[in-house]
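Asks: Sequence:
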Amino acid sequence: MCIKNGIFTCLCHQFCFWCALKSLSYCLNIITMNRTGKWLVIVNPASGKKNGRTLWETELKGKLEEENIPYKQVFTEYGGHAMELVNKAIKEGIRNILAVGGDGTYNEVVNGILSQKEVKSTDITFTGIATGTGNDWVKTLNVSHTAEQAVGLIKNGAVYLHDVGLVTFYSGEEKKHRYFLNVGGSGFDAYVAQRMENVKKFGKLSYFIGLVQGLFRYRNVPIVVRTETKLIKEKIFMIAVAVCQYFGSGMKIAPNAIPNDGLFDITLIKDISKMNVAMELKNLFDGSFVKHPKVETFRTDSLSIKSKEAIFLQLDGELVGHGPIQFDIVPQSLRILVEG
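In terms of the working numbering, the sequence shown opens at residue 1317 and continues consecutively.
Possibly wrong hints are sitting among the right ones.
Distance condition first, Cα-Cα at most 27 Å in a straight line; then the derived BS3-like pairs of lysine-lysine [stated by the list, open to error]:
id: 1; residue 1: Lys1404; residue 2: Lys1354
id: 2; residue 1: Lys1491; residue 2: Lys1436
id: 3; residue 1: Lys1377; residue 2: Lys1433
id: 4; residue 1: Lys1610; residue 2: Lys1622
id: 5; residue 1: Lys1433; residue 2: Lys1354
id: 6; residue 1: Lys1455; residue 2: Lys1549
id: 7; residue 1: Lys1471; residue 2: Lys1549
id: 8; residue 1: Lys1546; residue 2: Lys1492
id: 9; residue 1: Lys1455; residue 2: Lys1377
id: 10; residue 1: Lys1586; residue 2: Lys1549
id: 11; residue 1: Lys1492; residue 2: Lys1407
id: 12; residue 1: Lys1607; residue 2: Lys1546
id: 13; residue 1: Lys1624; residue 2: Lys1491
id: 14; residue 1: Lys1622; residue 2: Lys1590
id: 15; residue 1: Lys1354; residue 2: Lys1407
id: 16; residue 1: Lys1471; residue 2: Lys1492
id: 17; residue 1: Lys1624; residue 2: Lys1492
id: 18; residue 1: Lys1407; residue 2: Lys1455
id: 19; residue 1: Lys1366; residue 2: Lys1388
Hints are computed from structural coordinates only; laboratory data are not their basis.
Kindly produce the complete structure, drawing on both the sequences and the hints.
Replies: This is the structure:
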């Protein structure tokens, strides 16, 4: 029995009623398992000035129990822990994951889902509750901000197959690979991510503080960008490689990005002055800045970035390494729940 091009066939490749019935039953079992099985609830207790722990203890725990949703809850204890927890849970048979945290927590969870070899990544269902500093990923698809919304998605949400980016880069001399689900980039945004490490205690103001510091200290860098159809040699302010639309605590860096179209939306801000950037801040939040003559946008499923100078890389708001950098799309590889 097999399924090919949407048609149920038996081994002789003829249509077979019994094979079709068995295959349909199998598919329904998978759907039911992914909706009613146990949920791994990963809580970053430090996210959003400890909002993650508070939300779990005062709202989410009670909501899950009220709706008879089986769960196993764990707190993250250090950087990279969420990825380890996901890998362990999948080996134990858990196929549903709810993360309470910010973009950094989601990034770790997605890396756990995409890096494991036990099952296909789309056999795992993922959703989140935004309690972090920037909370940018949830803005494009309106993923949950409250315990009530999250439980509603678990019970009645629609399945959405989300693209994921795979990046090859360096940390020192070591070549590394990492996935991201929102926005990656190099230039000014990576510089701000670096500065934010020292000011995260200020919560939602952190990115703004890092941005202001960067406007005084950052300098534009020359890069070489290659795709299958483009070769760009420019001095740039920044380049954003986007699966979704928002970054930097609400800036609409890729206003036309569609998270399941199999393409990155690239926003390249060329050699623009810091004064000009400051004047465009309002337009960054509504996406209209892409009309600026120093901004170029295009779509691609892969690209490389190189420079003779040091260029750093941020993924989902976290500084991870440096160039040379290769981006590749992994289309519709993450199964998430969104409002129907």
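Asks: Checking against the hints above, which ones are violated?
Replies: Checked against the structure, the hints that fail are numbers 3, 6, 7, 16, 18, while the rest are satisfied.
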